[in-house]
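Protein chains in written order, with this note's numbering: chain A, -10 to 163; chain B, 4 to 622.
A few of these clues could be false.
With a cut-off of at most 20 Å between alpha-carbon atoms, the simulated PhoX-like pairs for lysine-lysine come out as follows [what the hints assert, rightly or not]: (1) B/154 - B/413; (2) B/425 - A/52; (3) A/157 - B/326; (4) B/425 - A/40; (5) A/145 - A/116; (6) B/413 - A/149; (7) B/154 - A/40.
Just so you know, these hints were derived from the structure itself, not from any lab.
Here is how the chains run, residue by residue.
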Amino acid sequence: MTNYFELFGLPVTYELDLAALSQTYQELQRLTHPDRFADQGQQQQRIALQKNSLVSDGYSVLKSPARRAEHLLSLRGIELAGETQTMQDMDFLMQQMEWREMLADVTADSGEEVIEELHEIIEAQHKQLYQALQRELEQQSAQSDQAAADLLRKIKFIDKLHAEVMEKEEQFFS
Amino acid sequence: MALLQIAEPGQSAAPHQRKLAIGIDLGTTHSLVATVRSGQAETLADEQERHLLPSAVQYSQDNTIVGYKAYENAAHDPKNTIISVKRFIGRSVEDVLHTWPNLPYEFASECAQNVQIKTQQGIKNPIHVSADILASLRGRAEKTLGDEVTKAVITVPAYFDDAQRQGTKDAAAVAGLDVMRLLNEPTAAALAYGLDSGQEGIVAVYDLGGGTFDISVLRLSRGVFEVLSTGGDSALGGDDFDHALADAVATQLGLSESDKKRHYRALVSAAKRAKEALSEHDTAVLEIDSDEFAAVEISREQLQALIQPLIQKTIRACRRALKDADVSKDEVVEVVLVGGSTRVPAVREAVETFFAKPPLTSIDPDKVVAIGAALQADILVGNKPDTDMLLLDVLPLSLGIETMGGLAEKIIARNTTIPVAKAQEFTTFKDGQTAMMIHVVQGERELVDDCRSLARFTLTGIPPMAAGAAHIRVTFQVDADGLLSVTAMEKSSGVSADIQVKPSYGLEEREIAGMLKDSMSNAKQDMQARMLKEQQVEAARVLEALNAALSVDADLLSAEELANLQQQMQVLENVAANADIDAIKVAIENVDKASQTFAERRMDKSINIALAGQSVEQI
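I would like the entire structure built from these sequences, with the hints used as guidance.
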């Protein structure tokens, strides 16, 4: 697996200089984009295509806090992609169900405030979860990495809820 | 007296000599070709000084007519004259008949996965027709420039899917053109206005043609173009303005339904002339080519009132596109107008009012896309080695695969920057299973049936193992043109699976190969000679590039690797002197293999140097 932090010449940490990331990305695009090799042989273009695809994927992974954390964990040997592990935290699950019921009750004539409320809840959750995630990832112990993985799973739940809230909002109030 | 230097075709006499390349706007109603000459991008005209070429091809018994003449003949030979073929590229007959139920053509089959039209010259598919248009433009360019032209950039609508893009590229190959890049039309328009240099921010491209309307929102940042969103209406254009005016005039003249129907064609062309005159004047006289009717005077205000609802439809699409791009109106720094219908003052006013800034209009809206394509072709062919400009495009529609229960699982999301690659792992569900099929679809919907089927990939050669033991890693690669390719490998054994592609729309590779053969000169010897020449030129190019690279970076290879590469290069040099086409091909492939690592290390080196330079800058 490619270490995207290395590809971008960045330290392998969760905290990231986003301006440096974006600047390096543009530089790497210029160096690897197949258009730069349009007047050269097929082999050169093929290599450029492969390298450039890594650059694009690397950028999209590194710039997203959740995907960056997942990549970092995967470099530390914890694979979340495609896992079947279920959520252990019953309180969190109960809470999720409650929010989902709130969303299910929203109709066209009523519930614009509910959507607002859910947006606020999601924002607060995000803030809290990401702060905790950063703390756990910085500790770099096996135990804290597991805790970080759990937090990431929760973030994925919240992201899914967020998408559903947006969908409903689009459906009724746009 | 100075000696003249004579160069092989495709090989420049001196490194600084300009290479020829053209930009082509392959449009629905008309097409154009442009090139950069003396630093200026300009469209090329035919012998009668006409720059536009109607996208119409007539296949009569013994000849093929392209352009104005074909367009004029369409009325009395509708069955053999194919107009606006762009609508049919990469589409099934069913799709086409659903959208345009009243086409005059006779289809070879009503349920085929690609359109085949019966003409006096036999069955023609959209690739044939597009290739004939492209060949005509290529011929015009060669005549004007006085030399062979093979390198081209061709524009496509930003929302074109894989099948439509592939179809366009196939047509170019049949026309003898090497497509350096398929370029999105709005991006080309922005390029024509030089928005790549200096300009930063959001650009809206408003493209109103004869029959289609497209709005695209682009983001420009340090020379990088991203298509943020596209929208529009594939059945709204200037022709609808003509119809609205014609209907109003018919009512004013008190025409009966049957009279109106009988004279409709004349009525609409009179309306079109009046509309065009009203772009210059405050009033125009609408005269129908028939003695039965009185002339009618029309004012600009009258026309404006009639077409206002249509214009408002385009403005609503603009609003939606901005929302999809997640940008506000005041973030838009420039608005570019494309398409002949943007000459209508009411359209310009509506666009200016909506975006609250005057749109860019200095380049002829019919030519702007071709000019942008020519500028990009000039860069890609290598005439501007110092340019910093880079076009970054995005995938217009999500790519997914069919999973259990007919659901589409997204693999690469829409608006992802391309090129991009994503790998996905699959496993077998039966003991000893050696093959599997992957159905790739394109679109945003959850059900496979609601998405567009792209292709079925059959993997064979998976080593037989217990169910679930084989792990097949399938890589979906999308290139800079937005085209998909798929490779697969069984992980534990390292065996790569063979893939057979069955495209859902368009033609299979062997069909294209057949058309290519047909398109080449019928004299077999000519073809052989040409192919030999091409291989020899390619061999020389490969050797020259490698020698140049080795003179700088030979230290990236071990002594053994270097010796092996040099040996393969020597073989190629020897073989290229003979007339054995296949031997040259094999030798080139061997050199490619031997230099693969070298090329990769060189790219890594350039990246490392750049990154080191940057971190020094940052300190």
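Consistency of the hints with the structure:
no. : hint          : in the structure
1   : B/154 - B/413 : violated, 35 Å
2   : B/425 - A/52  : holds, 17 Å
3   : A/157 - B/326 : holds, 16 Å
4   : B/425 - A/40  : holds, 13 Å
5   : A/145 - A/116 : holds, 14 Å
6   : B/413 - A/149 : holds, 15 Å
7   : B/154 - A/40  : violated, 25 Å
Going down the numbered hints, you'll see the structure goes against 1, 7, while the others check out.
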